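Protein chains: 2
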Amino acid sequence: MTPHGVVETPVFMPVGTRGTVRSLGPDDLAAAGSQIVLANTYHLFTRPGHALIRELGGLHRFMAWPGPILTDSGGFQVWSLSKFRTIDEEGVRFRSPLDGAMHALSPEVSVEIQHALGADVIHPLDEFLAHPATREDTERSLDRTLRWARRAQAAHARGPGGGQARPGGQALFGIVQGGAYADVRVRAAGETVALGFDGYAIGGMAVGEPKPIMYELTATVAAVLPAGQPRYLMGVGKPEDLVESVALGIDMFDCVLPTRNARNGQSFTWDGPLTIKQARYERDASPLDRECACYACRHFSRAYLRHLFMADELLAYRLLSLHNVHFFHALMAAMRAAVDAGAFEPFRARFFARYAVSSEAGPRENISASEA
Amino acid sequence: MTPHGVVETPVFMPVGTRGTVRSLGPDDLAAAGSQIVLANTYHLFTRPGHALIRELGGLHRFMAWPGPILTDSGGFQVWSLSKFRTIDEEGVRFRSPLDGAMHALSPEVSVEIQHALGADVIHPLDEFLAHPATREDTERSLDRTLRWARRAQAAHARGPGGGQARPGGQALFGIVQGGAYADVRVRAAGETVALGFDGYAIGGMAVGEPKPIMYELTATVAAVLPAGQPRYLMGVGKPEDLVESVALGIDMFDCVLPTRNARNGQSFTWDGPLTIKQARYERDASPLDRECACYACRHFSRAYLRHLFMADELLAYRLLSLHNVHFFHALMAAMRAAVDAGAFEPFRARFFARYAVSSEAGPRENISASEA
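Protein chains in written order, with the working numbering: chain A, 1 to 372; chain B, 373 to 744.
Be aware that one or more of the hints could be misleading.
[Claimed, not checked] Simulated pairs of lysine to aspartate or glutamate, DMTMM-like, Cα-Cα distance not exceeding 25 angstroms: (1) K649(B) to E612(B); (2) K211(A) to E112(A); (3) K277(A) to E291(A); (4) K583(B) to E612(B); (5) K83(A) to E108(A); (6) K455(B) to D312(A); (7) K211(A) to D271(A); (8) K83(A) to E427(B); (9) K277(A) to D251(A); (10) K583(B) to D643(B); (11) K277(A) to D471(B); (12) K211(A) to E136(A); (13) K455(B) to E581(B); (14) K649(B) to D623(B); (15) K649(B) to D99(A); (16) K277(A) to E427(B); (17) K583(B) to E508(B); (18) K649(B) to E55(A).
Bear in mind the hints are in silico, worked out from the structure with no lab data behind them.
Please read all numbers here as calculations on a predicted model, not as lab measurements.
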């Protein structure tokens, strides 16, 4: 339950980096079955600025999305997008790639921005380490992330400055870091839970570590997290990752994959990824996925979508994005139904028997400045 | 009345060059109030090919647009888009800019393509002259266009080859050429009408001639055309051109302006064009046009649309296109109501008292290969 509605889990959150899920409007998102969208604090902070969004009534009104919104803290984006950055105990300083201006992001400023945006779920600034990192660096970074988490809690408790009332019901999630070391992850989870948050995000995953390690670490952390609170695996992932992670007890996911891959001509089906530009689809009258009920599949053939894509028509990106987001939501809905029926393992077996797992690089392994 | 429904005139037709009105899907077009869309024979001929579209059930099904479709003959696009072309009595030969392949387009082939596409209104191949042209060249070109029109009529009467039945109810319009010479235009109109078509298009306008000349020639031609049949002014135009041309008795229009200018950040309002990237809209909470009922105006502020446009977000193009197409249709609906009420002149006076006419170049004066 959030101030903007109930979220059924497990749930996939489309990524609305700059206050839009790329080519999809809120009408498209609602039709695709989106319950909650993610927006990036870093991107909205650098453009158009959180003060402007607050002045215009907050992010929900600005982007005309009436449902729940989750924002990250901006830490990951500073790490991945800013070439010039310095990190110390106070926070991070970075030069905006947009206009070269210097910005400072501290745990307090990050919370202040997220208060201004008015998201339903917000996050404390965390420090991010490249993979692989030494144990010593990982431990030191974790300690800082935990100190920053306490500062974020204090800032959140104080609420926005200037005499304004604290936005009602914004949830603050803790972020569990700890790199690729299982015992450090266990300590991270324990100490984050001890601080007490409304939910728990697992950060620093899908950054280049082998998939089995990712699943193992996720399982390790999930075992420490409290059963009654949401568990969010940040930045994950591919359909197969979602299925495996739900099996490990994860409730929430976000990833740019459905929209980014759409722009590269890749769609997702129950049989696996489908690359629309392949010549074999040139005269194919069937929809992207015969079982899909999305607007694109109800109206258009693969041949038409291929034509649009080959002709660089903007409608191609919207229709493929719409389908992909719809597919991700349909996958989550199928998993929710399987969980409710107490039949998740049979579902998982059926899914992997049919879905042709792609060997391409994961979403975070090839970070693009435009959407990470 | 067409095989795919009634069209109320005067009407504006959005341009779906390659079988899509750029970023707008058929759902968007229906919501914007589109009655009939235009598609370009030249573009669909060179990609994906009319045989493929016929095989997939025709253009209506291919692009999932259930309403009427009008196609041009391809003549104008060969003239404007192909660097390498030769024209003789048989037809035009040109090298496709897409793949360098040589294509031949004759009056018979143009009709065959349009039969395959299955448009509700089709056109005969016409010869196109650059403005300005000498009287002698204009006369000679007109005579060829008239001979080609007779060949197109014969091909249309024969119907598609291979034993197939002729597509039901496809209307064939005649095209009135004649350049910038009023008396040649009068002869063109008279001889085209004498051939007998389902409607009459006025071609070769808005190609660089001064606006007063365009209006004068349009009036001259309109006076010769039969009262009970549709009159279509090809490639026109700006809102002010639509109002002036309806005053001259024109029923049908098409132009890339609403979608092309949207991609450049220009929207149209009852007060005149509005350039969304201007700094003055940075914190503007009002919609593009307070009187507009389109999806964009009902949900988004100028500030949000400006943010999307400055961030190069695809949603900006869709929302501005949606608004612009909606505005053009609302303008036509207002003119229909004024005509029905016998009050067109007061409407026209009110329109020009408020609408700030832009001094920018017209739609055809800066032909882009991507959309002309």
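Right, here's what the structure says about each hint:
1. For the hint linking K649(B) to E612(B), the alpha-carbon distance of about 23 angstroms falls within 25 angstroms, and the restraint holds.
2. At roughly 35 angstroms between alpha-carbon atoms, K211(A) and E112(A) are farther apart than 25 angstroms, so this suggested pair is violated.
3. This hinted pair checks out: K277(A) and E291(A) have alpha carbons roughly 21 angstroms apart, not beyond 25 angstroms.
4. For the hint linking K583(B) to E612(B), the alpha-carbon distance of about 11 angstroms falls within 25 angstroms, and the restraint holds.
5. Restraint check for K83(A) and E108(A): the C-alpha separation of about 23 angstroms stays at or below 25 angstroms, so the hint holds.
6. At most 25 angstroms may separate the alpha-carbon atoms for a hinted pair to count; K455(B) and D312(A) meet this at roughly 21 angstroms.
7. Distance hint between K211(A) and D271(A) is fulfilled; the C-alpha atoms sit about 21 angstroms from each other, no more than 25 angstroms.
8. At most 25 angstroms may separate the alpha-carbon atoms for a hinted pair to count; K83(A) and E427(B) exceed this at roughly 52 angstroms.
9. For the given pair, K277(A) sits about 34 angstroms from D251(A) by alpha-carbon distance, which is inconsistent with the 25 angstroms threshold.
10. Simply put, K583(B) and D643(B) have alpha-carbon atoms about 21 angstroms apart, close enough for the 25 angstroms limit, and the pair holds.
11. Under the criterion of a C-alpha separation no larger than 25 angstroms, the hint pairing K277(A) with D471(B) is consistent with the structure, at around 16 angstroms.
12. Of the pairs offered as hints, the one joining K211(A) and E136(A) holds, with about 23 angstroms between alpha carbons and a cut-off of 25 angstroms not exceeded.
13. The hinted pair formed by K455(B) and E581(B) meets the criterion: a straight-line CA distance of about 22 angstroms does not exceed 25 angstroms.
14. For the hint pairing K649(B) with D623(B), the CA-to-CA distance comes to about 34 angstroms; that exceeds 25 angstroms, so the pair is violated.
15. Simply put, K649(B) and D99(A) have alpha-carbon atoms about 17 angstroms apart, close enough for the 25 angstroms limit, and the pair holds.
16. Restraint check for K277(A) and E427(B): satisfied, since their Cα atoms lie roughly 19 angstroms apart, inside the 25 angstroms limit.
17. A distance of roughly 23 angstroms separates the Cα atoms of K583(B) and E508(B); the hinted pair therefore holds under the 25 angstroms criterion.
18. Proposed proximity of K649(B) and E55(A) is supported: the alpha carbons are some 19 angstroms apart, at most 25 angstroms.
Checked against the numbered hints above, the structure breaks hints 2, 8, 9, 14 and satisfies the rest.
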